[in-house]
Amino acid sequence: MSTIFGAEYPSSAISLARYAQLINYQDCSFFGVNNPSNNVYACREIWTKDQRDMAALSLAEAQDEIELELEYFVEPKWVTAERHRYTLPLLTAHGSVIAGGIKKTTSLGAAIAVNHAADPAVITIAGLTITSVDCVKIYYPDTDQEIIPSDMTLVAGTLTIEIPRCRLVDYDKLDNPIEGWVYDTISNFQTTVDVKCIENDASTNAVIIWPHGCDGACSATGCSDYRRNGCIYVLDGDIGSVDVLPAAYSAGTWKTSLTGSCCGNPASRVEVNYYSGLQSLPRTVEQT
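Residue numbering for the sequence shown follows UniProt numbering, starting at 1 and increasing by one per position.
Honestly, the hints are just simulated from the structure, not real lab data. None of these values were measured; they are calculated from a predicted model. Mixed in with the good hints there might be a few duds.
[To be verified] Taking lysine to aspartate or glutamate pairs in the EDC-like style, the calculated list, with each CA pair at most 16 Å apart, reads:
| no. | residue 1 | residue 2 |
| --- | --- | --- |
| 1 | K103 | D184 |
| 2 | K137 | D151 |
| 3 | K255 | D243 |
| 4 | K77 | D134 |
| 5 | K196 | D134 |
| 6 | K196 | D119 |
| 7 | K103 | E75 |
| 8 | K173 | E162 |
| 9 | K196 | D238 |
| 10 | K77 | D201 |
| 11 | K103 | E82 |
| 12 | K137 | E75 |
| 13 | K104 | D151 |
| 14 | K104 | E162 |
| 15 | K137 | D172 |
| 16 | K103 | D201 |
| 17 | K103 | D134 |
| 18 | K77 | E199 |
| 19 | K77 | D238 |
| 20 | K104 | D144 |
| 21 | K137 | D194 |
Generate coordinates for the entire structure from the input sequences, incorporating the hints supplied.
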């Protein structure tokens with residue numbers, strides 16, 4: 001879920017921009033913009049926010065039902081603090097495990113200017129250290145409402161993003177009138193965006209838990225859990241089979257420890273954090 005106008009907004013693996021393509025709808029008509037070129041398309045009725053909201057909700061609900069049946073996510077997601085009995089191996093609740101880790105969000109630029117000199121509009125950010133556009137996401141400023149680009153390139157640390165103008169309706173004008181916003185009036189469109197890198201942080205994998213410690217070597221008190229960090233080794237990602245081993249993370253790598261007990265007592269539980277789901281959406285799923 002994301003939020004728009006202070007309320008939760010459903011999200012799914014199929015964005016509204018992609019949905020418009022699937023139903024052969026032109027961007028401008030779909031996103032509430034009155035563009036003279038709309039007339040050359042068979043599907044040209046201007047959609048309202050209510051219609052787009054209903055489509056987004058239907059897509060999200062359909063995805064929930066599919067994932068419930070499949071028992072894995074159709075797009076990568078993070079699962080945190082999922083509890084299990086400590087066994088080797090263990091099966092995670094969701095299949096298609098990619099790696100252990102938690103979600104990491106890094107700002108690449110806040111309120112970055114959008115250049116509307118041409119369509120698609122262009123956003124440029126220089127001096128970046130990322131090595132791929134795979135993690136890049138674009139949002140309306142200070143929200144988690146995503147804007148879908150048509151193209152992104154990264155050359156020598158400079159990121160160039162292209163977004164069709166009609167996908168950039170001003171945040172305060174997302175609830176468009178029935179006749180749509182005028183395409184040639186630039187004030188109808190967003191002038192700044194936030195750009196972030198959303199990626200997996202492998203430094204946090206798991207916590208192995210003993211019911212209590214027995215002395216100072218394991219815990220300061222015997223009346224609380226004793227916990228140690230652990231790393232996740234993916235045995236069979238498709239079915240979610242993993243080993244969780246006591247380990248410490250340093251300088252970008254995990255170093256395991258052979259000590260899997262506390263004062264001779266085996267661990268009882270484990271909390272796992274992992275990244276799982278299909279890394280590309282098959283057309284068969286997309287069309288379901």
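For each hint, the structure was consulted:
The hinted pair formed by K103 and D184 fails the criterion: a straight-line CA distance of about 39 Å is larger than 16 Å. Taking the CA atoms of K137 and D151, the gap is near 12 Å; set against the 16 Å cutoff, the hint holds. For the hint linking K255 to D243, the alpha-carbon distance of about 14 Å falls within 16 Å, and the restraint holds. Taken as a hint, the K77 and D134 pair is honoured in the structure, with Cα atoms around 14 Å apart against an allowance of 16 Å.
Taken as a hint, the K196 and D134 pair is honoured in the structure, with Cα atoms around 11 Å apart against an allowance of 16 Å. For the hint linking K196 to D119, the alpha-carbon distance of about 23 Å lies beyond 16 Å, and the restraint is violated. Note on K103 and E75: the hinted pairing holds, with a Cα-Cα distance of about 14 Å set against a maximum of 16 Å. A distance of roughly 21 Å separates the Cα atoms of K173 and E162; the hinted pair therefore is violated under the 16 Å criterion.
Proposed proximity of K196 and D238 is contradicted: the alpha carbons are some 29 Å apart, above 16 Å. The hinted pair formed by K77 and D201 meets the criterion: a straight-line CA distance of about 13 Å does not exceed 16 Å. Of the supplied pair hints, the one linking K103 and E82 holds, its CA atoms being roughly 14 Å apart against a limit of 16 Å. Proximity of K137 to E75 is assessed by CA-CA distance (about 15 Å); at most 16 Å being required, the pair is judged to hold.
Pair hint K104 plus D151 does not hold up; C-alpha atoms about 23 Å apart against a cutoff of 16 Å. Using a Cα cut-off of 16 Å, the hinted pair K104 and E162 is violated, with the two alpha carbons roughly 24 Å apart. About 20 Å separates the Cα atoms of K137 and D172, which puts this hinted pair outside 16 Å; it is violated. Annotation: proposed proximity of K103 to D201 holds, straight-line Cα distance about 6 Å (limit 16 Å).
Proximity of K103 to D134 is assessed by CA-CA distance (about 14 Å); at most 16 Å being required, the pair is judged to hold. Straight-line distance between C-alpha atoms of K77 and E199 comes to about 10 Å, which keeps the hinted pair within the 16 Å bound. Pair hint K77 plus D238 holds up; C-alpha atoms about 15 Å apart against a cutoff of 16 Å. Restraint check for K104 and D144: satisfied, since their Cα atoms lie roughly 14 Å apart, inside the 16 Å limit.
Restraint check for K137 and D194: the C-alpha separation of about 8 Å stays at or below 16 Å, so the hint holds.
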